[in-house]
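Protein chains: 2
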Amino acid sequence: MSTKKQLHFGAFMRPASIHSCSWRYPDAFSDANFNFKHHIRFAQTLEKGLFDAIFMADHVSLLNMPDEALKRSATVVSLEPLTLLPALAAVTEHIGLIATASTTYNQPYHIARKFASLDHISEGRAGWNVVTSSNPLEALNFGLPEAVEHDERYKRGRECYEVVTKLWDSWEDDAILRNTETGIFADLDKLHPPKHKGEFYAVEGALNVARPVQGWPLIVQAGASEAGRQFASEVAEMVFSAASTLSTAQEYYADIKSRAKAYGRNPDHLKVFPGCFVIIGDTLEEAKNKKRQLDSMVDPSTGMGSLSILLGCDASKFDLDGPLPEIPETNAVKSGRQKLVDMAKEDNMTVRELAQYVGGSYGCLEMLGTVSMIADQMEEWLNSNACDGFNIMFPYLPQGIDDFVDKLVPELQRRGVYRTSYEGNTLRENLGLPRPKNQYCD
Amino acid sequence: MSTKKQLHFGAFMRPASIHSCSWRYPDAFSDANFNFKHHIRFAQTLEKGLFDAIFMADHVSLLNMPDEALKRSATVVSLEPLTLLPALAAVTEHIGLIATASTTYNQPYHIARKFASLDHISEGRAGWNVVTSSNPLEALNFGLPEAVEHDERYKRGRECYEVVTKLWDSWEDDAILRNTETGIFADLDKLHPPKHKGEFYAVEGALNVARPVQGWPLIVQAGASEAGRQFASEVAEMVFSAASTLSTAQEYYADIKSRAKAYGRNPDHLKVFPGCFVIIGDTLEEAKNKKRQLDSMVDPSTGMGSLSILLGCDASKFDLDGPLPEIPETNAVKSGRQKLVDMAKEDNMTVRELAQYVGGSYGCLEMLGTVSMIADQMEEWLNSNACDGFNIMFPYLPQGIDDFVDKLVPELQRRGVYRTSYEGNTLRENLGLPRPKNQYCD
Ligand SMILES: Cc1cc2nc3c(=O)[nH]c(=O)nc-3n(C[C@H](O)[C@H](O)[C@H](O)COP(=O)(O)O)c2cc1C
Ligand SMILES: Cc1cc2nc3c(=O)[nH]c(=O)nc-3n(C[C@H](O)[C@H](O)[C@H](O)COP(=O)(O)O)c2cc1C
Numbered sequence: 001m002s003t004k005k006q007l008h009f010g011a012f013m014r015p016a017s018i019h020s021c022s023w024r025y026p027d028a029f030s031d032a033n034f035n036f037k038h039h040i041r042f043a044q045t046l047e048k049g050l051f052d053a054i055f056m057a058d059h060v061s062l063l064n065m066p067d068e069a070l071k072r073s074a075t076v077v078s079l080e081p082l083t084l085l086p087a088l089a090a091v092t093e094h095i096g097l098i099a100t101a102s103t104t105y106n107q108p109y110h111i112a113r114k115f116a117s118l119d120h121i122s123e124g125r126a127g128w129n130v131v132t133s134s135n136p137l138e139a140l141n142f143g144l145p146e147a148v149e150h151d152e153r154y155k156r157g158r159e160c161y162e163v164v165t166k167l168w169d170s171w172e173d174d175a176i177l178r179n180t181e182t183g184i185f186a187d188l189d190k191l192h193p194p195k196h197k198g199e200f201y202a203v204e205g206a207l208n209v210a211r212p213v214q215g216w217p218l219i220v221q222a223g224a225s226e227a228g229r230q231f232a233s234e235v236a237e238m239v240f241s242a243a244s245t246l247s248t249a250q251e252y253y254a255d256i257k258s259r260a261k262a263y264g265r266n267p268d269h270l271k272v273f274p275g276c277f278v279i280i281g282d283t284l285e286e287a288k289n290k291k292r293q294l295d296s297m298v299d300p301s302t303g304m305g306s307l308s309i310l311l312g313c314d315a316s317k318f319d320l321d322g323p324l325p326e327i328p329e330t331n332a333v334k335s336g337r338q339k340l341v342d343m344a345k346e347d348n349m350t351v352r353e354l355a356q357y358v359g360g361s362y363g364c365l366e367m368l369g370t371v372s373m374i375a376d377q378m379e380e381w382l383n384s385n386a387c388d389g390f391n392i393m394f395p396y397l398p399q400g401i402d403d404f405v406d407k408l409v410p411e412l413q414r415r416g417v418y419r420t421s422y423e424g425n426t427l428r429e430n431l432g433l434p435r436p437k438n439q440y441c442d
Numbered sequence: 001m002s003t004k005k006q007l008h009f010g011a012f013m014r015p016a017s018i019h020s021c022s023w024r025y026p027d028a029f030s031d032a033n034f035n036f037k038h039h040i041r042f043a044q045t046l047e048k049g050l051f052d053a054i055f056m057a058d059h060v061s062l063l064n065m066p067d068e069a070l071k072r073s074a075t076v077v078s079l080e081p082l083t084l085l086p087a088l089a090a091v092t093e094h095i096g097l098i099a100t101a102s103t104t105y106n107q108p109y110h111i112a113r114k115f116a117s118l119d120h121i122s123e124g125r126a127g128w129n130v131v132t133s134s135n136p137l138e139a140l141n142f143g144l145p146e147a148v149e150h151d152e153r154y155k156r157g158r159e160c161y162e163v164v165t166k167l168w169d170s171w172e173d174d175a176i177l178r179n180t181e182t183g184i185f186a187d188l189d190k191l192h193p194p195k196h197k198g199e200f201y202a203v204e205g206a207l208n209v210a211r212p213v214q215g216w217p218l219i220v221q222a223g224a225s226e227a228g229r230q231f232a233s234e235v236a237e238m239v240f241s242a243a244s245t246l247s248t249a250q251e252y253y254a255d256i257k258s259r260a261k262a263y264g265r266n267p268d269h270l271k272v273f274p275g276c277f278v279i280i281g282d283t284l285e286e287a288k289n290k291k292r293q294l295d296s297m298v299d300p301s302t303g304m305g306s307l308s309i310l311l312g313c314d315a316s317k318f319d320l321d322g323p324l325p326e327i328p329e330t331n332a333v334k335s336g337r338q339k340l341v342d343m344a345k346e347d348n349m350t351v352r353e354l355a356q357y358v359g360g361s362y363g364c365l366e367m368l369g370t371v372s373m374i375a376d377q378m379e380e381w382l383n384s385n386a387c388d389g390f391n392i393m394f395p396y397l398p399q400g401i402d403d404f405v406d407k408l409v410p411e412l413q414r415r416g417v418y419r420t421s422y423e424g425n426t427l428r429e430n431l432g433l434p435r436p437k438n439q440y441c442d
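Line order of the protein sequences matches chains A and B. The numbering of the first sequence is the UniProt record's numbering, which starts it at 1 and goes up by one. The numbering of the second sequence is the UniProt record's numbering, which starts it at 1 and goes up by one.
In short, the hints are calculated from the structure, not lab data. Don't take every hint at face value.
Pairs of lysine to aspartate or glutamate residues, derived as DMTMM-like cross-links and limited to a Cα-Cα distance of at most 25 Å, are as follows [as the list claims (entries may be wrong)]: (1) B:Lys317 / A:Asp189; (2) B:Lys197 / B:Glu181; (3) A:Lys291 / B:Glu181; (4) B:Lys197 / A:Glu149; (5) A:Lys37 / B:Glu423; (6) B:Lys37 / A:Glu149.
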């Protein structure tokens with residue numbers, strides 16, 4: 001067995017590809033985002049490639065972009081993650097299934113129940129990506145006049161997390177007896193209704209689902225702001241970071257692990273997965289050409305839409321060929337906005353250039369090249385405290401997945417930095433994470 | 001092709017059996033309610049038996065029964081319906097998938113999204129059982145001090161239904177273009193955000209799921225009160241009735257169909273399915289013995305629990321060997337309570353006798369006997385305007401399903417009153433129901 005630090009991979013699969021023009025790429029499935037049969041194929045291939053998990057992002061609304069961009073976006077129709085993942089659980093055996101669910105727009109009893117059910121159906125493969133939701137259109141679909149303010153969202157998120165984990169612990173692991181002789185089905189001495197009364201939630205009764213196979217489904221977070229990082233360092237076991245350079249990734253990695261340690265956690269029990277957009281070519285030039293071809297399909301209006309989301313204001317009003325103007329404090333994702341503002345200043349970019357940059361793959365970390373170049377880069381990140389694995393974003397489907405699994409995975413295995421079979425039975429076991437104790441037991 | 005009126009079957013599968021002691025029956029799966037592998041076997045056998053649909057009841061809490069009954073109940077742990085059904089969609093091809101979702105404890109945007117996603121994943125097999133939820137423990141899990149009052153529940157239910165159906169119509173059927181040449185993914189002229197502002201809900205934006213395969217998933221209801229019957233007659237396409245005698249079933253059937261007609265609907269587009277508990281024997285005596293064996297396992301405390309639910313008050317305080325005392329007006333299911341009160345009066349039943357009656361299979365319609373006796377009885381109901389089909393409750397699993405599919409189904413086919421293959425591709429097509437037009441189109 002290799003003693004080298006091992007790479008782990010999540011697959012960012014909702015939307016099916018992060019690239020706004022993946023659906024137009026030659027031979028790609030243009031309905032990749034919305035065709036269940038395709039999703040089966042993707043999941044089974046990723047499992048063959050020994051990925052730790054499939055990750056489904058989520059928004060409870062259309063994305064907030066101008067019509068010119070919206071009509072070009074494959075995200076307008078997609079399958080709800082907690083409906084799609086149970087279906088994929090039935091046709092896979094090992095791969096983890098991580099769904100995003102918003103603490104701002106979901107009641108904790110529903111979250112706890114659905115993830116616990118998914119964990120049982122998949123025999124221990126569920127994960128919850130805890131998000132607090134920043135898209136203002138979501139609020140309008142739930143009777144609120146505007147997005148909940150950033151700090152309040154995190155307060156609510158923390159309490160929701162607290163209630164959900166209490167609900168998962170409602171039943172002790174050995175509470176379900178099913179004794180056909182005595183007729184006693186469950187030991188009520190091992191039942192612990194949360195009786196929670198907090199600032200945002202009052203939840204009296206126990207969950208009507210047995211304790212999850214994993215104890216708790218895996219806790220995933222992607223907080224980037226101060227409040228978000230602190231929350232992630234306290235509760236997350238997997239963190240998705242948006243770092244696009246080695247140095248920002250190292251800063252994030254050090255920060256989040258030291259916060260976890262300061263909070264009294266074992267920092268090894270918090271895995272950091274930067275999002276990573278991978279294009280494999282037989283040569284660097286071929287990989288770059290694929291990217292160029294993809295980006296060339298991006299309509300400028302789509303870039304403006306993404307830019308508006310990232311900045312939290314309507315960028316279409318700016319002078320396309322001028323520099324980025326000052327932007328007032330908004331409710332948008334803080335770190336993402338700052339990164340763009342800094343980049344625009346440093347590189348003297350015009351609004352148009354910024355829009356083109358984010359319009360394709362949202363300006364995330366990219367690894368383009370031959371398998372050996374990409375393997376080198378991944379090893380470098382892994383061994384320089386920048387990450388514990390990557391959340392892979394595929395450029396188009398199914399070819400992006402097939403290339404990764406057929407070409408890159410064997411190379412990483414050859415180098416001894418990637419598993420040749422799943423180590424355990426559950427998502428936690430494969431990631432080397434402990435099963436949480438029930439908080440109501442000693 | 002037979003010109004006889006045809007039987008249709010739903011399978012009542014959550015809890016896996018309605019009978020409180022099914023899990024203790026010899027050779028039955030004691031974990032039928034909570035083992036996904038078993039659910040696959042059940043679903044595939046039901047599909048072999050050409051059932052129209054699997055039906056999953058739901059409550060967002062433990063059931064409200066005293067601890068003595070609760071600890072004997074297999075319902076304490078079960079899988080959430082909208083998590084379980086997508087998983088079953090992946091391993092079946094024809095059978096309909098009906099999940100219960102409460103309009104009192106779910107936001108319409110979530111309901112619309114999940115059922116639309118299930119309809120796409122299953123290629124047109126989803127159905128929504130619209131319930132308003134009467135269990136007071138559910139309220140306590142969602143921050144409410146007590147159950148919402150009956151009339152208010154139905155007002156909210158109607159508005160929720162209205163918003164959900166608007167959301168399903170957000171996109172016209174041909175709105176998704178996916179034109180890889182022009183880069184236009186969706187035709188926004190065919191997008192209709194509901195912009196709903198009502199008494200209970202404000203929902204501005206469109207659904208981020210394409211229009212369901214069936215237009216709308218099948219609408220199912222089980223209203224029994226005045227408000228419930230009227231709602232069902234206006235919107236339901238399948239109604240679950242709780243009639244336990246031919247005459248009450250005929251009354252219900254005539255009433256609900258004439259209400260539908262008065263409302264301007266084609267009464268054939270509303271199918272009535274009484275719940276029906278079936279035990280098959282080689283002889284009548286054998287079937288009766290199976291029932292006796294099952295009921296003999298019922299602890300009196302379990303009967304008291306069910307009785308308390310049905311009456312909406314704690315029956316354990318009553319004198320076990322006295323008559324049923326006067327019961328104050330409660331928030332419980334009105335019709336169910338009245339039926340018991342009337343029965344107790346008519347037959348001079350004690351509280352103990354009532355408890356034993358409901359403790360096993362909740363006093364629902366029972367058909368016990370040989371296949372030919374049961375086939376006779378089903379034909380009689382079908383041909384005397386008492387039903388369009390039955391929602392079958394199995395006494396224990398898997399034997400109850402196997403007996404039904406292997407023995408009763410061939411007999412019904414021989415008589416020409418049951419299909420020998422599925423007629424269509426969707427749940428609606430198999431039931432002979434039309435696909436709803438989009439309300440935003442002419
Ligand atoms: C890889 C990745 C995936 C994300 N997925 C979602 C998502 O599905 N839904 C969502 O509302 N936010 C999503 N986010 C946003 C984060 O939850 C978070 O709000 C963001 O990183 C900014 O951090 P902050 O909330 O601390 O300001 C994602 C972020 C990243 C980096
Ligand atoms: C076969 C059947 C299944 C039902 N399933 C549920 C259920 O899963 N959840 C629920 O809250 N109510 C359920 N009910 C209750 C009905 O939704 C309804 O409340 C009840 O029939 C009484 O009618 P009313 O609401 O008009 O008083 C069911 C009723 C029947 C007959």
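Hints, verified against the model:
At roughly 24 Å between alpha-carbon atoms, Lys317 (chain B) and Asp189 (chain A) fall within 25 Å of each other, so this suggested pair holds. Annotation: proposed proximity of Lys197 (chain B) to Glu181 (chain B) is violated, straight-line Cα distance about 39 Å (limit 25 Å). Of the pairs offered as hints, the one joining Lys291 (chain A) and Glu181 (chain B) holds, with about 18 Å between alpha carbons and a cut-off of 25 Å not exceeded. As the CA atoms of Lys197 (chain B) and Glu149 (chain A) are separated by approximately 23 Å, the hinted pair is consistent with the 25 Å bound.
Of the supplied pair hints, the one linking Lys37 (chain A) and Glu423 (chain B) holds, its CA atoms being roughly 23 Å apart against a limit of 25 Å. The suggested pairing of Lys37 (chain B) with Glu149 (chain A) is violated, with an alpha-carbon distance near 44 Å, which exceeds 25 Å.
Consistency with the previously given hints fails for numbers 2 and 6, ordered from lowest to highest.
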